[in-house]
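Novice: Assemble the whole structure, with the sequences as input and the hints as a guide.
Residue numbers (this note's numbering), protein chains in the order written: chain A, 1 to 293; chain B, 294 to 586; chain C, 587 to 879; chain D, 880 to 1172.
No wet-lab data here; the hints were simulated from the structure. Just so you know, not all the hints are guaranteed correct.
What follows is a set of in silico ranges between Cβ atoms, one per label pair, in the way DEER data are often shown [stated by the list, open to error]:
| hint | chain 1 | residue 1 | chain 2 | residue 2 | range |
| --- | --- | --- | --- | --- | --- |
| 1 | C | T821 | A | K231 | 55 to 61 Å |
| 2 | A | L13 | B | P297 | 56 to 62 Å |
| 3 | A | L13 | C | A734 | 47 to 53 Å |
| 4 | C | E796 | D | T884 | 30 to 36 Å |
| 5 | B | N376 | D | A995 | 25 to 31 Å |
| 6 | C | S654 | D | A995 | 54 to 60 Å |
| 7 | B | K572 | A | E138 | 33 to 39 Å |
In this text, all values refer to a predicted model and were calculated from it rather than measured experimentally. Idealized CB from N, CA, C, for every residue including glycine.
Residue-level listing of the chains:
4 protein chains.
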Amino acid sequence: VPQPTVSFIGLGLMGRPMCHNLLKAGFPLVVWNRTASRADSLVSAGARLAASAKEAAAAADILITIVSDPPALEEVLWGSNANSGGAFASLKKGATYMDSSTVSPALARKIAQASAARGIRFLDAPVTGGTWGAEKGELLFMIGGEAADLEAARPVLSAMGKKIFHLGPNGAGQTIKLAMNLLLALEVDAFAEALALVTGAGFAGEKLTEVMQASMARSGVLDVKAPVMLKGDYTPSFPLRLMHKDLSLALDLGNQIGVPLPATAAARETYSSVKGSSKEDLDYAAVFKFWKK
Amino acid sequence: VPQPTVSFIGLGLMGRPMCHNLLKAGFPLVVWNRTASRADSLVSAGARLAASAKEAAAAADILITIVSDPPALEEVLWGSNANSGGAFASLKKGATYMDSSTVSPALARKIAQASAARGIRFLDAPVTGGTWGAEKGELLFMIGGEAADLEAARPVLSAMGKKIFHLGPNGAGQTIKLAMNLLLALEVDAFAEALALVTGAGFAGEKLTEVMQASMARSGVLDVKAPVMLKGDYTPSFPLRLMHKDLSLALDLGNQIGVPLPATAAARETYSSVKGSSKEDLDYAAVFKFWKK
Amino acid sequence: VPQPTVSFIGLGLMGRPMCHNLLKAGFPLVVWNRTASRADSLVSAGARLAASAKEAAAAADILITIVSDPPALEEVLWGSNANSGGAFASLKKGATYMDSSTVSPALARKIAQASAARGIRFLDAPVTGGTWGAEKGELLFMIGGEAADLEAARPVLSAMGKKIFHLGPNGAGQTIKLAMNLLLALEVDAFAEALALVTGAGFAGEKLTEVMQASMARSGVLDVKAPVMLKGDYTPSFPLRLMHKDLSLALDLGNQIGVPLPATAAARETYSSVKGSSKEDLDYAAVFKFWKK
Amino acid sequence: VPQPTVSFIGLGLMGRPMCHNLLKAGFPLVVWNRTASRADSLVSAGARLAASAKEAAAAADILITIVSDPPALEEVLWGSNANSGGAFASLKKGATYMDSSTVSPALARKIAQASAARGIRFLDAPVTGGTWGAEKGELLFMIGGEAADLEAARPVLSAMGKKIFHLGPNGAGQTIKLAMNLLLALEVDAFAEALALVTGAGFAGEKLTEVMQASMARSGVLDVKAPVMLKGDYTPSFPLRLMHKDLSLALDLGNQIGVPLPATAAARETYSSVKGSSKEDLDYAAVFKFWKK
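Specialist: In structure tokens, the structure reads:
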């Protein structure tokens, strides 16, 4: 049985290493990105660069997209630009389409509906694990959609990630992704508040980190971000502007369904303040800069 | 060399198992508690029950207190009640006094000043680790005070805990304890918000827990509290009313020094709401009830 | 000089009385509404009912729209539905278009750009004053756009409102409208918090109202809403779901430009909670129900 | 019938003009203040300066206190300092004691209990109206206590204020005072957020003020504070540190009784941030500096 052709749109910090893993696993790969030069290393490794998003979609047995936000995804799928838009209409009947961007559950369901109408199998499949996980092929996929469609796509997913969770019908993947990023953003913001309190009171932040790491509060994300906040080196691993966007999507969802999220709302304003006063692109641990102005 | 006599005031969920560990380690132990019957098992195991807080303090080479809040501690130390008050004045010159309650850093410093004036060696020594840690002798101590005084008290501390952190001068222990409880309270509240969002959107909370435990957001406290929230069984391990009190102390500190804590402030109101609408004593994971009303 | 023909799209609680005032002032009036029956009283009074939004727009020297939210406005202007969409393309060159909906400043600027490209004079012209002001012809208009275009439209505006503020270029009207609704929503939410505190402490809410009305805190909106909250009769004057939407637009704007709005964010979650737990359509004073659950 | 002797403790921005009005109304007046020189103008106008707080209290038919916060009041009433403390024990049986400080309802009730035990008639009688109202004799008094005691004190109250509200038993005055200051603080903070949004979006703050003053959002306090924020001249009329303290007292009350106050909690942190970063004493309208850092 020949491997299915995978097309991949969006070659950012996550997309590029995911593509390299698909190539390593032997999948024929067609790629497209707004800035074509980001495809160079992939083309060298055997990928074919499509001339447009549409052409990439047309070639796909399985299409994967991972772009920065809902408007970017809508543009790729339904936009009128001949180069960057219109991918959805080019998908073959029977193709699988998997979106790994983080977008609203409402958009995931809108895509699901349009897919059902055209005989396309859609999975909302956002990821977590960062660039490190993308490079190692150890991403965690949160998937909404039909179990059978997930099973069909599993070999492709397994090339990119180690943990593949089927969470419910379409929209479930994005809902739980937003909840997970809410949780990560609040853990980091909570540590920033704790650190601001301790240092503001005149004590060493290192002591707080030391105790935290010996306590029940220890978490994977704090092991990574606490030292970053102490050093103040905010080279982006996961950019603050994207975390801020995900918090906004989580709050939009909560407000649509009437579920109040008071601490998330408070934290989002703190992230917003730092976003507003920073010129460079910073990691989301830079939320601690709120107290450094 | 004979073991020093340890006196212990406050035989609650934490104090009693701590005392049993002191007895096991061979320390002569004098205990006192407002409700005397809580000392029964300790007396059976060899402790002496003092007739008053004052008498307990007078007998101590090392006095340890662990009571529920700042007013309770002030009453024990300086109150005029012949039975429950006046312990501080009864301490011998040269004695060590270690307070393991969670109180304000300001109160810790007030005690430190009074101790210095009387030749008493004071350590603020709040703990974390819960009743489980207290029983196993695996508490984590956060200590403010002189390094030499901590070294002198180390054998006693080691009978009760495995991790003993010297964090700075008096007040450092309480400051970092408040920051740690802020962090724990916000991690749990953040998970509650994530869970409210996921279940409010119609998906299974178990799925969120499963993903969380495979992710960077996993933490010791969430491993314990997430299942509690899913089941809704809030038998108190650490009571919500005490966590609420600690958040209030953290906010008081932040407001005294002008360090804003927006997410903590938001979360404290959520805990307050649950405290106000609950008649029984609940674990602080019951913050999730905010969304269940 | 004959009066210019005014076309009016959106015959809700505000639109209908505004139209009656235009008729009284002698303007030829063409109206359209999704539910045509809402035009009956206007047709009886001399208005012409257009067959579609497009037809209404085509007839206009001055087009006015007032619909419930940004998606509804985008649908009217650019939607593909033959009945309800496509109004923008039907506007004559040289026509004036005035939008009195509350939408994002970004959408106002998008319309302004599209208008400039087609030789249409656009004013963003949201209103405040409620149904009472709409009926009396005493609305307050907050206008963004060219001063000359406002002057040309003044006779039409004056038929509907008494206070006409020119606030800056396109977008200024919507920006200040969002800020004003933020202010009104927070004044009402602040009174609700004050009332919850007083009644929760066991005292009479009427006493708070009495003192408030004799104090510097008295405001027009509280004179109206305080008695409503005491009585608990939340017949919608300005519906909570629309105030919630406007708070969301204000927060979206703040988050886009990096201006933190902590109290607004907190209040929005409170409004959201009431929206989520209410089945009927309630006035925004019903935010007080947050404390009544 | 000779006029009763009034003793007055606390000659700050409010106390001094209140005393001048008492003198004008013909009351024999005994005054005391920590800094004695603040009594000079009163002594010139006929007041007697007591040598201690105790002596002032002993001379009183009616004692009035107005100090900055609960600890200051406890010190005056029950402190052991021979000069500044111990006033309560010196009060004559049958005297009336009226506290016009802003303190917790709990402290008001503690004083009420102690007063009942000693045959003293106690009113909690906090004021609003600012230095302007104090000078003009147009303060608003919020009174908790027995109606008969208020009637007996009415001539004294009327010398200082025009609006005298009997709100309930002891504690009612302080409760409603805290609710009123919560409301004023949030109105001002809400306007600051609105102004930050408008100016952050690039529009003129003056335009917002102009529209606000023509709208239902207009309030006495905003008429005064909006121009102050536009100018950035924060000469204290009501100092931010005192408003911050009152917000803290309101939040303490809410948290004791389990009434969540989310917007108040958010605003308090904003005030706290400005308090923490300001060296001078500023008016509470300076909360707008939060966005100017």
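Novice: Hint by hint, say whether it matches the structure.
Specialist: Each hint tested on the structure:
Taken as a hint, the range 55 to 61 Å holds for the pair T821(C) and K231(A), whose Cβ atoms sit roughly 58 Å apart. Take L13(A) and P297(B): their Cβ atoms lie about 59 Å apart, and the range 56 to 62 Å holds. The given range of 47 to 53 Å is respected by L13(A) and A734(C), whose C-beta atoms sit roughly 49 Å from each other. In this structure the hint that E796(C) and T884(D) lie 30 to 36 Å apart at CB holds, the actual value being about 32 Å.
Look at N376(B) against A995(D): about 26 Å separates their beta carbons, and that is inside 25 to 31 Å. Hint check: S654(C) to A995(D), Cβ distance near 59 Å, so the stated range 54 to 60 Å holds. Range check, K572(B) to E138(A): about 47 Å between beta-carbon atoms, so the 33 to 39 Å window is missed.
Violated hint: 7 only; the structure is consistent with all others.
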